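Asks: Between the sequences and the hints, there should be enough to build the whole structure, so can you do that?
Mind the numbering: the sequence shown is residues 97 to 285 in our numbering, read in order.
With beta-carbon atoms standing in for the labels, derived distance ranges:
{"id": "1", "residue 1": "E169", "residue 2": "F263", "range": "15 to 23 angstroms"}
{"id": "2", "residue 1": "D160", "residue 2": "D274", "range": "23 to 31 angstroms"}
{"id": "3", "residue 1": "E169", "residue 2": "Q241", "range": "35 to 43 angstroms"}
{"id": "4", "residue 1": "K178", "residue 2": "L148", "range": "16 to 24 angstroms"}
Okay, derived cross-link-like pairs now, EDC-like style, lysine to aspartate or glutamate, Cα gap no bigger than 20 angstroms in a straight line:
{"id": "5", "residue 1": "K210", "residue 2": "E169"}
{"id": "6", "residue 1": "K278", "residue 2": "E203"}
{"id": "7", "residue 1": "K210", "residue 2": "E276"}
{"id": "8", "residue 1": "K210", "residue 2": "D173"}
It should be emphasised that the hints constitute simulated quantities derived from the structure, not laboratory data. Quantities reported herein were computed from a predicted structural model and do not represent experimental measurements. Virtual Cβ for every residue (Gly too), placed ideally from N, Cα, C.
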Amino acid sequence: MGNKSSLMLEDSDIKSIQADTGFSASQIERLYSRFTSLDKGCSGSLSREDFLRIPELAINPLGDRIVHAFFQESSDDRVNFKQFVRVLAHFRPIKRNQDNKLNSREEKLRFAFKMYDLDDDGSITRDEVLAVLHMMVGENITEDQLISIAERTMLEADADNNQMITFQEFCTILERTDVEQKMSIKFLK
97 MGNKSSLMLE
107 DSDIKSIQAD
117 TGFSASQIER
127 LYSRFTSLDK
137 GCSGSLSRED
147 FLRIPELAIN
157 PLGDRIVHAF
167 FQESSDDRVN
177 FKQFVRVLAH
187 FRPIKRNQDN
197 KLNSREEKLR
207 FAFKMYDLDD
217 DGSITRDEVL
227 AVLHMMVGEN
237 ITEDQLISIA
247 ERTMLEADAD
257 NNQMITFQEF
267 CTILERTDVE
277 QKMSIKFLK
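Replies: Right, dumping it as structure tokens:
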């Protein structure tokens, strides 16, 4: 290992994180190295600003929503390494012969659902769909077109016609989508 960041991660921590996330020890060490490089204040935790310094997140139209996902388990607006790795585990490719906790199809769908559930109330409204569409396309589509897309989405997904999409309805509308592939990132071994 030899670098400073790997010395601060105990073997027991690595084993615990492996069991929780499915990442290999070398993947955890790489992620820890990345985590410590983002931790400009050397506090052992990351702030929202630390995340927004990641160029790929800064230019991503859903960057704020993705960053928000890292803070779901945080009580103090800081993310420690274990919380950081748990969120990233949602994007680990699914291995058929391995118990999939955080990166199961259902957990990937739950993560995607939360991207749209802006007020964290467990349902997605037309206004939330519209707000996310605004984030994704900006000024590239007219307001009328965006409203039409949001309303069509509600018509297709809102099976019980109560003006909101539940998590179950969200899963149903995406049942033919290869979420396991589309929401996976290849992590170096």
